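Chemist: Sequence:
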Amino acid sequence: MVDSNKPNKSKAAVEREKVLAALDAFDSEVSENPGVMSLGRDADTNFAQLFEESLDERDFKVGDVVTGRVVNILEDFVLVDINYKSEGMIPISEFRVVEGHKGINVGEEVEVYIDRIENDNGMVVLSKDKADMLRAWNDISKAAENEEVIEGTIIAKVKGGLSVDIGVKAFLPGSQIDLRPVRNMDHYI
21 MVDSNKPNKS KAAVEREKVL AALDAFDSEV SENPGVMSLG RDADTNFAQL FEESLDERDF
81 KVGDVVTGRV VNILEDFVLV DINYKSEGMI PISEFRVVEG HKGINVGEEV EVYIDRIEND
141 NGMVVLSKDK ADMLRAWNDI SKAAENEEVI EGTIIAKVKG GLSVDIGVKA FLPGSQIDLR
201 PVRNMDHYI
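Each residue of the sequence shown is one higher than the one before, counting from 21 in this note's numbering.
Hint data in this document are derived by calculation from the structure and do not stem from the laboratory. Nothing here was measured: the structure is a model prediction, and the numbers come from that model. Virtual Cβ for every residue (Gly too), placed ideally from N, Cα, C. The reader is advised that the hints may include incorrect statements.
Label-pair distances were calculated between CB atoms; the ranges are [unchecked claim]: (1) V126 with N204: 44 to 54 Å; (2) I197 with V126: 34 to 44 Å; (3) V126 with A176: 30 to 40 Å; (4) V82 with K179: 32 to 42 Å; (5) N92 with R203: 51 to 61 Å; (6) S106 with L199: 47 to 57 Å; (7) N166 with F191: 18 to 28 Å; (8) D206 with G127: 41 to 51 Å; (9) F191 with D135: 25 to 35 Å; (10) N204 with E128: 34 to 44 Å; (11) K162 with F97: 27 to 37 Å.
Below are the DSS-like pairs computed for lysine-lysine, each with C-alpha atoms no more than 27 Å apart in a straight line [what the hints assert, rightly or not]: (12) K162 with K150; (13) K177 with K150; (14) K162 with K81; (15) K81 with K105; (16) K105 with K150; (17) K189 with K150; (18) K189 with K179; (19) K189 with K177; (20) K150 with K81; (21) K189 with K162.
Throw the hints in and build the complete structure from the sequences for me.
Modeler: Listed below in C-alpha cells is the structure:
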C-alpha cells in the first residue's frame with residue numbers, strides 16, 4: 021500500500037539524499053577528529069554545503085554554449101575545463117591551423133558547445149565548430165534583420181557559383197556575384 025501523503029521522489033533526488041547523508045557522516049567523523057583535514061575554508065563550511073554549492077554553480081544542458089579554458093593540448097585532442105566535474109575533449113582538427121600554429125594555446129579561453137554531458141569515459145563532449153557555427157548564424161541573422169551587407173572570403177568555384185566562408189560555408193549563386201551576368205568566375209578566386 022502506497023502512502024498518498026508522501027510525495028514520490030525521483031531517482032536523482034534519492035541519490036542526492038544518499039550523497040548528502042554520506043557527506044554529513046564524513047563531516048561528523050572529521051569533526052570528531054580535529055586536525056585531520058582542512059579545506060582552507062571557514063570552519064562552519066561542511067562537505068554537504070560544498071556539494072550543494074558545486075551543484076548550484078553550473079547547471080549544464082546539451083546545446084549550451086559556454087566559455088572554457090584550455091588546460092592541455094594532446095596530439096589529437098584539446099582538453100578544455102568548463103568548471104564541470106571533468107574536462108571536455110575537442111578534436112584538435114576543430115581549431116584552425118595557420119602556418120604550422122596549432123590555433124590554440126594552453127590557458128586560452130574558448131567558446132564551446134556542449135554536445136553531451138558525459139560520454140562512456142565520464143568526459144564532457146564538446147565542440148568548438150558547433151559553437152562557432154551558432155555564433156556565425158546569430159551574426160548572419162542579425163545582419164539580415166538589419167539589412168546589412170555580409171562580407172566573406174571566397175573559398176572555391178563550384179557549379180553555378182562560388183563557395184564563400186562567412187563564418188559558415190555558404191553558396192553564392194553566380195547570378196548574385198555582379199549586376200551583369202558573369203561568364204568566368206575564375207578571377208574571383
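Chemist: Could you tell me which of the hints above the structure violates, numbers in ascending order?
Modeler: none
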